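Chains as they are written, first to last, in the UniProt record's numbering: chain Z, 1 to 335; chain X, 1 to 534; chain L, 1 to 300.
Calculated directly from the structure, the hints in this document are not laboratory data. Just so you know, not all the hints are guaranteed correct.
To be verified - With a straight-line cut-off of 25 Å between C-alpha atoms, the simulated DSS-like cross-links for lysine-lysine are:
| hint | chain 1 | residue 1 | chain 2 | residue 2 |
| --- | --- | --- | --- | --- |
| 1 | X | K280 | X | K65 |
| 2 | X | K402 | X | K416 |
| 3 | X | K305 | X | K512 |
| 4 | X | K493 | Z | K86 |
| 5 | X | K217 | X | K102 |
| 6 | X | K25 | Z | K192 |
| 7 | X | K398 | X | K493 |
| 8 | X | K25 | X | K90 |
| 9 | X | K416 | X | K398 |
| 10 | X | K193 | Z | K86 |
| 11 | Z | K85 | X | K193 |
| 12 | X | K305 | X | K366 |
| 13 | X | K308 | X | K274 |
| 14 | X | K398 | X | K357 |
| 15 | X | K25 | X | K332 |
| 16 | X | K357 | X | K402 |
| 17 | X | K65 | X | K102 |
| 18 | X | K217 | Z | K86 |
| 19 | X | K398 | X | K332 |
| 20 | X | K102 | Z | K85 |
Quantities reported herein were computed from a predicted structural model and do not represent experimental measurements.
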Amino acid sequence: MFRFIFSKLLYLVPTFMGITIIAFGFVRILPGDPVLLMAGERGISPERHAILSEQLGFDRPIWVQYFDFLGRLFQGDLGNSLVTKKPVMAEFLTLFPATVELGLVAILIATLIGVPVGVLAAIKRGSWFDQVSMTAALVGFSMPIFWWGLLLIIFFSGILGWTPVSGRISLMYFFPDVTGFMLIDSLISGQKGAFTSAISHLILPSVVLATIPLAVIARQTRSAMLEVMGEDYVRTARAKGMPPRRVIGVHALRNAMIPVITTIGLQIGVLMAGAILTETIFSWPGIGKWMIDSISRRDYPVVQSGLLLIAGLVMLVNLLVDLTYGLINPRIRHK
Amino acid sequence: MKMLTRILIAASALAMTTAMPALAKTFVYCSEASPEGFDPAPYTAGGTFDASAHPIYNRLVEFKKGTTEVEPALAESWEISADGLEYTFKLRQGVKWQSNDKFTPSRDFNADDVIFSYQRQASADHPWNQYIAGITYEYYNSMEMPSLIKDIVKVDDYTVKFVLTRPEAPFMANIAMPFASILSAEYADVLDKAGTKEDLNNAPIGTGPFKFVAYQKDAVIRYAKNADYWGTAPLIDDLVFAITPDAAVRLQKLKAGECQLMPYPAPADIAAIKEDTNLKMDEQAGLNVGYLAYNTTQAPFDNPKVRKALNMALNKQAIIDAVFQGAGQVAKNPIPPTMWSYNDAIVDDVYDPVAAKAALEAEGVKDLSMKIWAMPVQRPYMPNAKRAAELMQEDFAKVGVKVEIVSYEWGEYLDKSMEPGRDGAVILGWTGDNGDPDNFMGVLLSCASAQPGGANRAFWCNEEFSALLAKAKQTADVAERTKLYEDAQVIFKDQAPWATLDHSTQYVPMAKNVTGFVMSPLGDFTFDTVDLAE
Amino acid sequence: MSDTTIKLSDAAIRKQMLADFWFYFRQNRGAVVGMWVFIGLVLLAVFAQVIAPHDPTQQYRDALLVPPFWQEGGSTSFLLGTDAVGRDMLSRLIYGAQYSLFIGVVVVAIALIGGIFVGLLAGFFGGWVDTVIMRVMDVILAFPSLLLALVLVAVLGPGLTNAMIAIAIVYQPHFARLTRAAVMGEKQREYVTAARVAGAGTMRLMFKTILPNCLAPLIVQATLSFSSAVLDSAALGFLGMGAQPPSSEWGTMLAEAREFILRAWWVVTLPGLAILISVLAINLMGDGLRDALDPKLKRS
Numbered sequence: 001m002f003r004f005i006f007s008k009l010l011y012l013v014p015t016f017m018g019i020t021i022i023a024f025g026f027v028r029i030l031p032g033d034p035v036l037l038m039a040g041e042r043g044i045s046p047e048r049h050a051i052l053s054e055q056l057g058f059d060r061p062i063w064v065q066y067f068d069f070l071g072r073l074f075q076g077d078l079g080n081s082l083v084t085k086k087p088v089m090a091e092f093l094t095l096f097p098a099t100v101e102l103g104l105v106a107i108l109i110a111t112l113i114g115v116p117v118g119v120l121a122a123i124k125r126g127s128w129f130d131q132v133s134m135t136a137a138l139v140g141f142s143m144p145i146f147w148w149g150l151l152l153i154i155f156f157s158g159i160l161g162w163t164p165v166s167g168r169i170s171l172m173y174f175f176p177d178v179t180g181f182m183l184i185d186s187l188i189s190g191q192k193g194a195f196t197s198a199i200s201h202l203i204l205p206s207v208v209l210a211t212i213p214l215a216v217i218a219r220q221t222r223s224a225m226l227e228v229m230g231e232d233y234v235r236t237a238r239a240k241g242m243p244p245r246r247v248i249g250v251h252a253l254r255n256a257m258i259p260v261i262t263t264i265g266l267q268i269g270v271l272m273a274g275a276i277l278t279e280t281i282f283s284w285p286g287i288g289k290w291m292i293d294s295i296s297r298r299d300y301p302v303v304q305s306g307l308l309l310i311a312g313l314v315m316l317v318n319l320l321v322d323l324t325y326g327l328i329n330p331r332i333r334h335k
Numbered sequence: 001m002k003m004l005t006r007i008l009i010a011a012s013a014l015a016m017t018t019a020m021p022a023l024a025k026t027f028v029y030c031s032e033a034s035p036e037g038f039d040p041a042p043y044t045a046g047g048t049f050d051a052s053a054h055p056i057y058n059r060l061v062e063f064k065k066g067t068t069e070v071e072p073a074l075a076e077s078w079e080i081s082a083d084g085l086e087y088t089f090k091l092r093q094g095v096k097w098q099s100n101d102k103f104t105p106s107r108d109f110n111a112d113d114v115i116f117s118y119q120r121q122a123s124a125d126h127p128w129n130q131y132i133a134g135i136t137y138e139y140y141n142s143m144e145m146p147s148l149i150k151d152i153v154k155v156d157d158y159t160v161k162f163v164l165t166r167p168e169a170p171f172m173a174n175i176a177m178p179f180a181s182i183l184s185a186e187y188a189d190v191l192d193k194a195g196t197k198e199d200l201n202n203a204p205i206g207t208g209p210f211k212f213v214a215y216q217k218d219a220v221i222r223y224a225k226n227a228d229y230w231g232t233a234p235l236i237d238d239l240v241f242a243i244t245p246d247a248a249v250r251l252q253k254l255k256a257g258e259c260q261l262m263p264y265p266a267p268a269d270i271a272a273i274k275e276d277t278n279l280k281m282d283e284q285a286g287l288n289v290g291y292l293a294y295n296t297t298q299a300p301f302d303n304p305k306v307r308k309a310l311n312m313a314l315n316k317q318a319i320i321d322a323v324f325q326g327a328g329q330v331a332k333n334p335i336p337p338t339m340w341s342y343n344d345a346i347v348d349d350v351y352d353p354v355a356a357k358a359a360l361e362a363e364g365v366k367d368l369s370m371k372i373w374a375m376p377v378q379r380p381y382m383p384n385a386k387r388a389a390e391l392m393q394e395d396f397a398k399v400g401v402k403v404e405i406v407s408y409e410w411g412e413y414l415d416k417s418m419e420p421g422r423d424g425a426v427i428l429g430w431t432g433d434n435g436d437p438d439n440f441m442g443v444l445l446s447c448a449s450a451q452p453g454g455a456n457r458a459f460w461c462n463e464e465f466s467a468l469l470a471k472a473k474q475t476a477d478v479a480e481r482t483k484l485y486e487d488a489q490v491i492f493k494d495q496a497p498w499a500t501l502d503h504s505t506q507y508v509p510m511a512k513n514v515t516g517f518v519m520s521p522l523g524d525f526t527f528d529t530v531d532l533a534e
Numbered sequence: 001m002s003d004t005t006i007k008l009s010d011a012a013i014r015k016q017m018l019a020d021f022w023f024y025f026r027q028n029r030g031a032v033v034g035m036w037v038f039i040g041l042v043l044l045a046v047f048a049q050v051i052a053p054h055d056p057t058q059q060y061r062d063a064l065l066v067p068p069f070w071q072e073g074g075s076t077s078f079l080l081g082t083d084a085v086g087r088d089m090l091s092r093l094i095y096g097a098q099y100s101l102f103i104g105v106v107v108v109a110i111a112l113i114g115g116i117f118v119g120l121l122a123g124f125f126g127g128w129v130d131t132v133i134m135r136v137m138d139v140i141l142a143f144p145s146l147l148l149a150l151v152l153v154a155v156l157g158p159g160l161t162n163a164m165i166a167i168a169i170v171y172q173p174h175f176a177r178l179t180r181a182a183v184m185g186e187k188q189r190e191y192v193t194a195a196r197v198a199g200a201g202t203m204r205l206m207f208k209t210i211l212p213n214c215l216a217p218l219i220v221q222a223t224l225s226f227s228s229a230v231l232d233s234a235a236l237g238f239l240g241m242g243a244q245p246p247s248s249e250w251g252t253m254l255a256e257a258r259e260f261i262l263r264a265w266w267v268v269t270l271p272g273l274a275i276l277i278s279v280l281a282i283n284l285m286g287d288g289l290r291d292a293l294d295p296k297l298k299r300s
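Work the whole structure out from these sequences, hints included.
So this is what it looks like as structure tokens:
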């Protein structure tokens with residue numbers, strides 16, 4: 001097992017180096033000069049431009065900058081934002097919990113609804129429930145979520161007035177960040193109504209973000225169930241007269257869950273892409289919006305490090321999925 | 001362990017919040033952008049100044065509320081030497097610095113704070129010049145302070161003398177700007193000893209009407225009333241900025257009562273806001289201008305008559321209608337009507353495609369095709385440059401001029417539009433920094449600014465015009481300056497280096513019960529005088 | 001599959017396969033509906049000039065933000081209303097179909113061709129070529145696709161062409177992986193060995209012998225990519241990085257219309273609906289294709 005983990009980790013090293021090259025390289029060939037952006041409509045004299053470029057280190061050869069970037073990276077230093085002048089790592093850490101909270105709730109919604117719906121649809125294959133739920137899943141899978149978010153805002157916040165328009169919690173509540181997760185912090189604070197307020201703020205964005213994963217999970221669960229139910233041992237169990245509920249519960253469900261868990265794990269990339277759009281629409285102070293803003297502001301250090309951190313994260317989750325898979329299924333481990 | 005302490009801190013903070021009087025008046029402002037930081041000097045965004053310079057700090061002199069006139073603030077009075085080179089400021093006494101959990105001031109505001117606040121920007125050797133790595137002082141530099149200020153002398157604890165290298169009429173307006181905010185030298189010393197220099201930017205201490213309480217990145221800023229404020233203390237107890245970048249969302253929040261005031265409504269929503277009985281709205285012409293700058297060094301645009309003819313072909317009212325949804329006015333001068341010295345006697349070019357076509361033909365211009373550059377970003381003076389460019393494209397087509405619309409990434413746009421051989425006319429604009437006419441005409445239209453690094457995107461260099469500006473800049477008497485600038489506008493209109501397009505109208509929607517808010521012509525949002533009626 | 005039917009002529013095999021395919025495809029009602037909608041879209045796009053009642057860029061300055069005809073203030077000359085500068089929504093939506101289909105086709109074509117080429121190289125040669133190529137693909141796949149596409153577009157400059165290139169680059173590893181896996185599997189098969197012994201060249205082997213045998217998963221992936229491309233390009237347009245105004249790409253229309261969200265529902269709702277319908281149609285068709293092409297699912 002240890003050797004399996006070790007080989008997996010070793011495999012990640014070159015991939016990670018590739019990620020650093022992409023993160024650094026792409027960002028550096030972005031047209032547009034941050035110094036010019038700072039100057040705005042006013043313009044900037046060539047002398048002053050040279051001074052600023054030197055101060056920011058942009059005047060050195062690109063490969064020197066790259067190795068400098070790598071060197072500092074291994075010391076845990078991701079540089080400072082050009083806009084706020086603050087350390088990128090610190091900014092990432094303050095914004096990350098907001099995205100994690102949104103993502104976790106979304107994946108929770110997607111799993112808690114998607115798996116039962118998928119199982120039920122498989123069991124009642126061909127029924128109206130199967131047809132309706134799978135059509136709905138396909139609609140969800142085809143949804144432009146940026147538009148979906150706008151529709152939900154118009155309807156639930158604009159017309160019905162049920163949910164707040166944006167933000168993480170009502171401004172009435174003020175307590176210091178302990179964990180950065182608003183749901184937990186609001187509970188710790190003990191302030192009356194804070195937790196409900198946090199939930200009401202979270203509900204629309206997480207539903208929007210959950211839409212595509214929910215559809216994927218429901219579809220994947222259904223087809224995994226169908227496949228497992230067609231396997232010999234399930235048929236045998238059935239033929240031996242085992243009650244259908246037990247067949248499904250004991251044999252089918254457990255085996256069908258392996259690919260489903262993988263699917264859920266692989267949704268993290270989808271979630272990150274979705275977070276960019278969802279956070280933009282709901283003014284959610286997370287890393288998706290942070291990346292968008294930083295790209296348009298040409299805040300090099302933030303874009304570089306943000307790409308790196310996000311890709312590293314996706315890689316890590318994929319590794320965990322791989323490892324769980326190896327744990328469940330020894331055949332993969334020894335291949 | 002660390003977690004435990006954080007929970008303890010949380011618990012104690014909780015005890016404090018519950019101990020607060022229940023009837024504290026909280027005012028929520030749905031601000032547009034996150035502040036870059038809380039030290040105004042290194043930054044340039046208006047949203048940053050609204051969150052730092054205005055609530056937390058003061059300057060030696062400040063703009064009188066609702067005007068661009070300069071009035072005493074931390075300086076009670078000043079004297080200007082006859083040659084215009086020495087400015088001596090008498091400082092206000094008994095001004096208390098704010099405190100926080102790490103800092104309790106031992107003294108009042110004095111001359112050392114003034115010297116500290118300017119010197120750190122002026123001198124690269126100052127220990128606080130680079131208190132954050134890579135920091136720069138853009139406004140200090142772009143207002144030409146390094147070449148203007150020769151020396152700053154502490155005469156005594158409450159007297160400071162600025163020695164200039166040349167007479168400069170706009171100097172007083174310049175030092176009323178946010179970058180010239182006064183920070184505490186004593187706080188800086190304390191932070192230096194504690195090794196947390198960056199807190200000068202993160203946990204600001206000022207003399208202003210509000211104290212900084214907390215900032216949750218990209219979400220909320222909280223302030224509390226400064227009970228020891230030297231001026232009139234604010235009427236509200238707590239001030240909250242709810243950061244909401246999207247205009248439609250801001251309006252939703254305002255309607256839902258989640259905030260009481262918002263900046264920059266979407267033009268499309270103006271009519272609906274006016275009809276909403278729960279809201280009211282202040283409006284004022286913004287201190288800005290949007291323009292189309294021809295390249296006056298290239299044929300046929302080097303011919304003023306051609307430029308005039310093209311200006312006549314533009315239906316500017318249509319741009320105001322479609323791009324601003326009416327929330328703007330047609331511009332005829334390069335400065336906005338709210339600015340002193342605006343020459344209202346000037347008559348704008350009349351929209352007349354037939355005459356324009358004839359005028360072009362008279363100049364021998366046939367089958368002209370040109371490029372129009374459309375900015376990729378929204379600005380108050382031009383909320384949708386692409387839409388405006390499409391409208392101009394149609395207008396020019398009517399007089400036989402073919403237009404190709406081009407655009408670049410914003411930084412590139414700014415850079416390429418200043419390249420001497422530029423092909424095409426550029427849509428751009430300007431928002432004033434300090435209400436001085438030189439801050440428009442000098443920056444945008446003088447011969448000096450037609451050089452690389454300048455902002456004269458028409459590359460227009462008219463000796464007579466530039467001479468008038470130079471003279472006005474050295475003249476202290478406002479009446480005399482006004483005359484000079486009025487004459488300059490006549491030359492501008494006659495030569496037509498730009499098609500002056502628009503001045504946007506600034507709207508501030510707020511809840512019905514908000515009182516005492518005063519719009520600033522400079523576009524600042526200040527809350528020391530606001531109150532909430534019951 | 002085909003090695004059991006050696007006796008039949010090539011044409012007969014193809015005909016039989018097609019008939020099989022159609023048989024299974026027709027079983028899926030959703031797929032058939034999707035196909036008809038898709039055909040409708042293609043027709044709309046091709047005959048946009050004939051069908052659209054107005055020029056999509058013509059601005060009727062006296063008819064700004066006119067609501068659809070059934071609403072008060074609407075008019076039958078603008079069936080679905082007009083946008084902020086008085087352009088006919090219906091015409092813009094019809095022309096928008098051109099963009100979406102064009103984007104889908106181009107993205108899939110680039111990604112498919114690139115992916116197949118790279119995948120064939122990796123799978124056929126193996127060794128360090130394989131390692132390097134697949135590692136590069138891993139790197140690309142480690143980034144969330146939309147984020148990487150965003151950065152790529154920022155590098156290349158906003159615009160339709162660059163958005164398509166960026167999306168294609170991001171999608172291409174999926175095709176490369178599929179092709180490689182299929183090639184690895186097929187390489188050991190008897191018919192490949194037989195062809196090699198018969199003296200077939202490397203190129204011929206790769207393209208004529210192996211490739212046709214791994215088409216099924218590629219086709220399924222291609223339809224999937226087609227719909228994702230329409231979605232992602234609309235998302236890029238929505239974020240201001242895709243097609244630029246005044247083009248009537250649906251995502252760009254949506255971005256332009258966002259400020260009217262509370263005032264003119266039709267400029268926000270309709271482009272989104274158009275995206276949803278076309279993506280849904282393609283996905284329905286994709287499901288049908290997969291059922292018809294994937295023998296494993298056929299069984300269950």
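Verification of the supplied hints:
Our distance criterion of 25 Å between C-alpha atoms is met by X:K280 and X:K65, whose separation comes to about 20 Å. Proximity of X:K402 to X:K416 is assessed by CA-CA distance (about 22 Å); at most 25 Å being required, the pair is judged to hold. With a CA separation close to 51 Å, the supplied pair X:K305 and X:K512 exceeds the 25 Å bound. Between X:K493 and Z:K86, the direct Cα distance comes to roughly 46 Å. Violation of the 25 Å bound is thereby established for this hinted pair.
About 21 Å separates the Cα atoms of X:K217 and X:K102, which keeps this hinted pair within 25 Å; it holds. With a C-alpha separation of about 19 Å, the suggested pairing of X:K25 with Z:K192 holds against the 25 Å cut-off. Among the hinted pairs, X:K398 with X:K493 is consistent with the structure: their alpha-carbon atoms are about 23 Å apart, no more than 25 Å. Restraint check for X:K25 and X:K90: not satisfied, since their Cα atoms lie roughly 36 Å apart, outside the 25 Å limit.
Between X:K416 and X:K398 the alpha-carbon distance is near 29 Å, which puts this suggested pair outside the 25 Å criterion. In summary, the hint linking X:K193 to Z:K86 is supported, as the alpha carbons are separated by about 20 Å, within the 25 Å threshold. Distance restraint check for Z:K85 and X:K193: the Cα-Cα separation of roughly 21 Å lies within the 25 Å cut-off, and the hinted pair is therefore satisfied. Between X:K305 and X:K366 the CA atoms are separated by roughly 14 Å; this keeps the pair inside 25 Å, and the hint holds.
Straight-line distance between C-alpha atoms of X:K308 and X:K274 comes to about 38 Å, which puts the hinted pair past the 25 Å bound. For a cut-off of 25 Å, the pair hint linking X:K398 to X:K357 stands: about 8 Å separates their Cα positions. Between X:K25 and X:K332, the direct Cα distance comes to roughly 45 Å. Violation of the 25 Å bound is thereby established for this hinted pair. Between X:K357 and X:K402, the direct Cα distance comes to roughly 13 Å. Compliance with the 25 Å bound is thereby established for this hinted pair.
Simply put, X:K65 and X:K102 have alpha-carbon atoms about 33 Å apart, too far for the 25 Å limit, and the pair is violated. For the hint linking X:K217 to Z:K86, the alpha-carbon distance of about 12 Å falls within 25 Å, and the restraint holds. Using a Cα cut-off of 25 Å, the hinted pair X:K398 and X:K332 holds, with the two alpha carbons roughly 22 Å apart. Note on X:K102 and Z:K85: the hinted pairing holds, with a Cα-Cα distance of about 22 Å set against a maximum of 25 Å.
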